[in-house]
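Student: Fit chain to chain and form the complex, with the hints in mind.
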Amino acid sequence: MTRLPARRPEATAPVAGRPDRWAKLDLKVSPYVYVAPFFVVFAVVGLFPLLYTGYVSLFDWRLGDDTAKFLGAGNYGELLADPQFWNALLNTVSIFLLSSVPQVVVAVAVAALLNTNLRLRTGFRMGVLVPYVASLVAVGIIFGNLFGVNYGLVNSLLEFVGIGRIDWQADRLASHIAIATMVNWRWTGYNALIVLAAMQAIPPEMNEAAMIDGAGPWRRFTSITLPMLRPTIIFVVITSTIGGLQIFTEPKLFSAMPGSDTGGSTGQFQTVTLYLYQSAFDNQRLGYASAIAWVLFLVIVIAAVGNYFITRRLAR
Amino acid sequence: MTRRPGFLVYGLLVAFVLGSAFPIYWSFLVPSHGNDILTDKVPPLLPGGNFFSNAQQVLDTIPFWHALLNSVIVSGSVALSVVIFSTLAGFAFAKLAFRGSNVLFVLVVLTMAVPTQLGIIPLYMAMADFGWAGHLQAVIVPNLVSAFGVFWMRQYLADAVPSELIEAARSDGCSMIRVFWHVAVPAARPAAAMLGLFTFMQSWNDFLWPLIALDQNNPTIQLALEQLQAGYYVNYALVLAGTTLATIPIFLLFVAVGRQLVAGIMQGAVKG
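First to last, the sequence lines map onto chains A and B. At position 104 of the first sequence the residue is numbered 104 (this note's numbering), and the sequence of numbers has no breaks. At position 270 of the second sequence the residue is numbered 1270 (this note's numbering), and the sequence of numbers has no breaks.
The shape of chain B in the complex, shown without the other chains (with noise of 0.2 Å):
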């Protein structure tokens, strides 16, 4: 394990990034271009200069920035729902001893398999009554707690909180909510940052509910790219532009917590 890998091992890994990142990589070739480079017999694989005007075009396609704010504003408002009621729910299954806590747990794990993805047409049923069709509460109180985020937070709350501090609180007379408050919270910040960004990424990239509890006076980024693409004739050249356009600010994020989204994953794996 100690010595380097030969050239075989680096080359395939090379390849299979490269991979990854090409389809991306093209998204920003074509509209740097224009059109014309897809009849080219061999595409130039160096960007041209041609990018910004049809971003440009994208901004005055569809209503980017409000769906971006749209965007942000959901996914945010679901990543810290699901923080906040997950730390709670996962201190008191890892570290409080209360009767029927097994029962529950073993209720939250199973609710992590059911695809609630199914139950879209009550749903759908129930924003219409209430009105909420259309606006942005529709597509965020349905997200706003997590099963998995219950078990991330207990699997990881279990090791990370000594029980002799919480005693040690309990009996300097501190109550369960400032135990709670300074000593679960402090020692959760990690894995809840993990969890709120996990769990930002997925409500970003949601489709199918939004797509039904929204319209396209009000939509999310996903919602304003599939409009973009909708029509008999799609101008690729704009709508990857607007792909890009949309792409860019999940990529910094990643650029500025791809370390600790790898971290996520892979301590994800060993607990789970």
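So here's chain A without its partners, still in its complex pose (with noise of 0.2 Å):
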């Protein structure tokens, strides 16, 4: 208020007093009233449903039934003696393993591989983009026929170079195989970028003084860009757990029975988040499905947090 006292005398002579009063209300409730949508929305939206799934997973609640019984810890009880959630859940993770290790592996890679003075640099950065554009259905369907058993390229290349053919769909590992590279081949690129970015924040200087003590690149690479990656290294590991541990769309795409929610014809590559779309919306045991819910975001939780202390440790 100080800064410009006389410039406009007519806007800043108060008129008895009240537009001044005016404005101190204005300055002093307007931000409140510019962050309230997204709490109220987010509240309403987000948390409440989030909480509320606590509230229902303690019932037997059916889908179209009002008369839910109280079960108290009644699913929860039911879950962990559950064959067919343990092995949803380890399907998750091993699904999550094969995508997320290889993929922030090869990111680094094509990082430093685009870190380079390249021609085309703008190309070769939105080629690596492209199948983050496609959409994830599409790239369940096409990976569907390409993983076919009798029929996709994958196979037919396999028996080329004298591998032979793969069940893509019915061995245990090797569904889980197909989609991770799903996964990968939709989000390595994508990560390189973000490392990229990182990279490129590394001062000059650093490497500069490592080469004039005679550091060679492979040295330098590991003692001044790893170091250096090590935060943004964490931020693509903990994203990809959030939203690893919810994969849905691939399993529930790459069925040979298309429609289906049992991930595979004995559920060899049925997630969490697949059981728990089944348990609702097939068996419709909505309480039950609900307890799948919360078990799953306590198992994301974990995962996040025990993830950020291993990735700190190994990128030192």
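Calculated directly from the structure, the hints in this document are not laboratory data. Treat the hints loosely; a few may be bogus.
[Claimed, not checked] If we take Cβ atoms under 10 Å as the criterion, some of the chain B residues that face chain A in the derived model are: (1) Tyr1010; (2) Val1042; (3) Leu1046; (4) Phe1098; (5) Leu1211.
Glycine included, C-beta positions come from ideal geometry on N, C-alpha and C.
Tutor: Right, here's the structure in full:
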């Protein structure tokens, strides 16, 4: 108020003190008005449903039935003794590991390649981002075709090089690899760009100094680049944990019987979210599905925190 | 760093980009020939002439244009709403002093990590109660705000808007909302465009919630594709023609704004 005192006197001259009070109120209240929509909407469509899921999970709540029976921890007891749940959890973790580990390693490698003085720099950057643009459902369908048992291109290639056909659908590990391949294909380039940005933020003097000290390219990469990338790698790992443990679309579309939610004939690639969906909307057990949601939530929190510490140690 | 890299770097990168593009190209190649190339020992690598007849069959099988319009409406309104609310909140967090702002901002950051997808069951129950199930508002309303968006706009506006400018406008008698409109909004434009683009694409690809909230008569493009695939015998020439048709609009968008998308991802990485 003191910076530009008498520039527009007609505007600052208060009419009986009222505009001044209005300005004060405006100053005080406006920030809350601006942040309120986010918090209100988030509370209603994000936080409340999550908490209410906990409430529903205490009941034997059927789809389209208003007389839910209170079970207490009953659904959780059943869940912990449910082999299908453990199978789904194991599948989810397996697919997650098969997708996240190679993804981070390859993303760092691609970022290192992109972090050179390339011709057509923007072209290459856009090129690695192409899979990110493809829609998830399309990706699921395309890879379902590529990994087809009888007529899939992948098996044709494998046969051509003498390895022989693999049943990507029926075999448990093979189906996990196929699904992880979709995830990796889609996200590696995207993550490479994130890592590339972090690489470019490393001050060039650090590399120059190391070069003068006689450090070769590999030594510079492991002693300077990797440690400097640590926060970014932690960020990438944690975001891929939160997304990876909720994986749904890829296994749902990979099924040989499209439209089914079983994740293969014996549930060999059913993930937790797919089981949640099946429990709620095929078996119509909303309470049980809610218990699955809450347990998955806990698993995600534990995995994210665990990942944080592991990545911190590894990338030291 | 000033030396041009050797053939090895280019070779590896070209291989990676080709690998990235191949599955999409394949989904065009199959319908351009027909199902018989799936049994070929060595499939042709150049497209044939059957794409349009397969595409026509897609249009006859599923409500393609209806689904496309639905997706545009849903993704467009979600993107618009996220941009507006994020810019408002981001401006307040970046530039306005108010009690509790730090605590509230920490809350925003924490909510970024909350997997809201796990709240689908109560959301479904609510939509059924409201009679919204099957209608587009059922997929729009739950996505009206984004914690990431607020975070993103705050980080951007903190640097983009000089505090002196706000003070000057205030002392000239500008109300807060006019400051927002005439100072913050013009400065926020690049970041807002980026946020809108990302939100649009994310919403465009959303599958789990639309699958629950909508039905076959009123699908988004992703649901329509899934419908096309459902069935015991999958006619891949038809289904892949559908994925190609659905990819074309988003691919055109990518050609137009891919450069900004790359910049946006890299910018978000440094700041986030």
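Student: Would you pick out the hints that fail for this structure and give their numbers low to high?
Tutor: 3
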